[in-house]
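The lines below spell out each chain.
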Amino acid sequence: MSVATLQESRSAGERYRAAFDERWRGNDAPNDALIDLRRAALERFAAAGFPTQRQEDWKYTNLRRLEARTFAPATPAAVSANDPRWIANAGTRIVLVNGHCMPGLSTIEPQLPGMTLLTLKQWLERDPAAVAAFIAQTSRAQPSALEDFNLAFFEDGVVLDLAASATPDQPIYIVHQWSDGAAQVMSNPRVVVRAAANSRCIVIEHFIGATAGESFTNAVCEIDVAAGASVEHYRIQQESTRGFHIGHVNVRVQQNGRYASHDIALGASLARVNLSTTLQGSGAHAALNGLLAPLGTQHLDAHTTIDHAAPHTTSDENYRGVAGERGRGVFNGKVIVRPGAQKTDARQSSRNLLLNPGAEIDTKPELEIYANDVKCSHGATTGQLDAAALFYLRSRGLDEAAARALLIRAFAESIVTSLGSPAVRSYLEQLLHERYKVIA
Amino acid sequence: MSMLKIENLHVRAGDKQVLTGLSLEVAAGEVHAIMGPNGSGKSTLVQVLAGREGYEVTAGSVSYNGRDLLALPPEERAREGVFLAFQYPVEIPGVNNVYLLKAGLNAVRKHRGLAEFDAFEFLTLVREKMKLMHMDDSFLNRGVNEGFSGGEKKRNEILQMAVLEPSLALLDETDSGLDIDALRVVANGVNSLRRPDRAIVMVTHYQRLLDYIQPDRVHVLSGGRILKSGDKSLALELEKRGYDWVRQEAAVA
Numbered sequence: 001m002s003v004a005t006l007q008e009s010r011s012a013g014e015r016y017r018a019a020f021d022e023r024w025r026g027n028d029a030p031n032d033a034l035i036d037l038r039r040a041a042l043e044r045f046a047a048a049g050f051p052t053q054r055q056e057d058w059k060y061t062n063l064r065r066l067e068a069r070t071f072a073p074a075t076p077a078a079v080s081a082n083d084p085r086w087i088a089n090a091g092t093r094i095v096l097v098n099g100h101c102m103p104g105l106s107t108i109e110p111q112l113p114g115m116t117l118l119t120l121k122q123w124l125e126r127d128p129a130a131v132a133a134f135i136a137q138t139s140r141a142q143p144s145a146l147e148d149f150n151l152a153f154f155e156d157g158v159v160l161d162l163a164a165s166a167t168p169d170q171p172i173y174i175v176h177q178w179s180d181g182a183a184q185v186m187s188n189p190r191v192v193v194r195a196a197a198n199s200r201c202i203v204i205e206h207f208i209g210a211t212a213g214e215s216f217t218n219a220v221c222e223i224d225v226a227a228g229a230s231v232e233h234y235r236i237q238q239e240s241t242r243g244f245h246i247g248h249v250n251v252r253v254q255q256n257g258r259y260a261s262h263d264i265a266l267g268a269s270l271a272r273v274n275l276s277t278t279l280q281g282s283g284a285h286a287a288l289n290g291l292l293a294p295l296g297t298q299h300l301d302a303h304t305t306i307d308h309a310a311p312h313t314t315s316d317e318n319y320r321g322v323a324g325e326r327g328r329g330v331f332n333g334k335v336i337v338r339p340g341a342q343k344t345d346a347r348q349s350s351r352n353l354l355l356n357p358g359a360e361i362d363t364k365p366e367l368e369i370y371a372n373d374v375k376c377s378h379g380a381t382t383g384q385l386d387a388a389a390l391f392y393l394r395s396r397g398l399d400e401a402a403a404r405a406l407l408i409r410a411f412a413e414s415i416v417t418s419l420g421s422p423a424v425r426s427y428l429e430q431l432l433h434e435r436y437k438v439i440a
Numbered sequence: 001m002s003m004l005k006i007e008n009l010h011v012r013a014g015d016k017q018v019l020t021g022l023s024l025e026v027a028a029g030e031v032h033a034i035m036g037p038n039g040s041g042k043s044t045l046v047q048v049l050a051g052r053e054g055y056e057v058t059a060g061s062v063s064y065n066g067r068d069l070l071a072l073p074p075e076e077r078a079r080e081g082v083f084l085a086f087q088y089p090v091e092i093p094g095v096n097n098v099y100l101l102k103a104g105l106n107a108v109r110k111h112r113g114l115a116e117f118d119a120f121e122f123l124t125l126v127r128e129k130m131k132l133m134h135m136d137d138s139f140l141n142r143g144v145n146e147g148f149s150g151g152e153k154k155r156n157e158i159l160q161m162a163v164l165e166p167s168l169a170l171l172d173e174t175d176s177g178l179d180i181d182a183l184r185v186v187a188n189g190v191n192s193l194r195r196p197d198r199a200i201v202m203v204t205h206y207q208r209l210l211d212y213i214q215p216d217r218v219h220v221l222s223g224g225r226i227l228k229s230g231d232k233s234l235a236l237e238l239e240k241r242g243y244d245w246v247r248q249e250a251a252v253a
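In order, the protein sequence lines correspond to chains X and U. Residues in the first sequence are numbered from 1 upward in steps of one, following this note's numbering. Residues in the second sequence are numbered from 1 upward in steps of one, following this note's numbering.
Label pairs and their in silico Cβ distance ranges:
1) U:151 <-> X:401: 31 to 37 Å
2) X:83 <-> U:188: 55 to 61 Å
3) X:89 <-> U:113: 38 to 44 Å
4) U:253 <-> X:387: 38 to 44 Å
5) U:142 <-> X:65: 43 to 49 Å
6) X:326 <-> U:1: 50 to 56 Å
7) X:163 <-> U:146: 39 to 45 Å
8) U:88 <-> X:326: 31 to 37 Å
9) X:325 <-> U:250: 50 to 56 Å
10) U:142 <-> X:129: 54 to 60 Å
11) U:14 <-> X:400: 21 to 27 Å
Examples of chain U residues toward chain X, derived with CB under 10 Å:
12) 51
13) 52
14) 53
15) 73
16) 84
17) 90
18) 95
19) 100
20) 104
21) 144
Hints were generated in silico from the structure; no laboratory data involved. Here a beta-carbon is modelled for each residue, glycine too, at the ideal position from N, C-alpha and C.
Let's have the full structure, built from the sequences with the hints guiding it.
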């Protein structure tokens, strides 16, 4: 019997328990403060297994291909010191390769005023008890199996603390990338952003895939926005088209705080982002923009939850999907209005474009409203390119392919034009230009 | 030789026969006006000439500079010098007006074997044409027709025409929805484009436009055919007497 068959006959829990033991019982077992939390998380994952389509939240996304593989924790590796895929002038740069921070590639120093930036490894070394306490405090009552998976295996990441009223003059640009040739390996990075009262910052997370092998990114990002603070968060997902990508973003916004998300999904064979925002204080606001752009046989899924847990909270959600070839997009936008969260104003819009008969987008609003004096609106459309617009452009001399590409880009770019970072905006415009030049 | 020669054109839209044997010849340098009641097929005619999908040509032919126009895709027709000013210009959010103008112009220039314009040459040209159309620079960076008023849309059509310099311009009710000042601006724009090597075919409901753009020929289109043709005095007569007498005359003949 071959090794592969042997592996596949074991459950995901058994396989990853072995990986866990190998990783944390080895010579370099770190931080005892965390090992119990990790062990408990692993056992919860082992009991639950990977989510299946029988679970309502995973109805449209099948993880069988992910489950069939066993990924080993990735180790650090050298990469080019000036990768052309990095976004130029995006901000203070921190590079994680295979989930490990690479100080030599980063431009963390000098520290910006009012801001403390650590790698998660540094934080673990300096104050493991604080890390354990933070995890215990931010863990949800029922963490998802894949968040537990991250907790069991995470090794490194970025911890960003903003002092009260701090406004660093440049964005924090976090690159998560794979080394060339990385295959059958996984990374479970964690990013922590804590913006104290009245501070403001832009955090850019950029996921870049390896060219060759299959990889699995399972990233967690925890964001706390204190009273009056503002965090603009970009998530640009460009994993390799053979990669798997799961993202968990958990955001808590206090009184009059603002959180803006720009969730751009372009890469991976299969990607799923769970973006969960809780508006905990009156006047808190969330703006969620997203673009799902599957091509080939890509499957890109965004599940968002906006939890209005306090009165006078507002949210504005705008997701667009462009599915070409045999690509598949999934958008599920859940809005919860808690009892007592009066004067909530929640808007949601999902607009989708199908470029081929083989493409598919499933979009679903999900409203749970337990207060009576609220405004909640949602709208979803799915269609094809506008024939009248196409004819108009062709009648001005543009050939059909160019006209189609122009209309596709215009549709997708409407998400990009709202970005506050000019560097990221022009990067994405260029990217979308290239992406649809040949596909139209 | 005529620049445009339409012979016995029959066109169906869905299960409706819209054009029923239309013939028309337009020579370079001429301005023709096509008038007629609602639903007579005026807009269908110019849309078919520009290459809009959704129409079926069941009989007849259209030659343009000796070529079979109907065999060409819309962009080829545009590059060969056919331009349609839309009755209802399409709003295209996210596509810059200036981008479309430049892409269109360079597609046409490339087709004609001319060098593509660089940004500076292009903007110099566009600014000059915009002055002609009384349009300010803010138009350039707006989405194509996005949020434009009716008058702005029509002016934008003529601006595109001025930039693309077609040899056959088809104007589909370019006067509709314009106040008198806007009408003057649009008419001036069109008149400035009159040249011995260029032909203009205007579809209109009203004689009013013809006060500003004097046609060489006026045609009455009704029931999918041209019933009567004449010089500009025919337009004045139609204004006074309506269309019924033309139809009666045609029925008798």
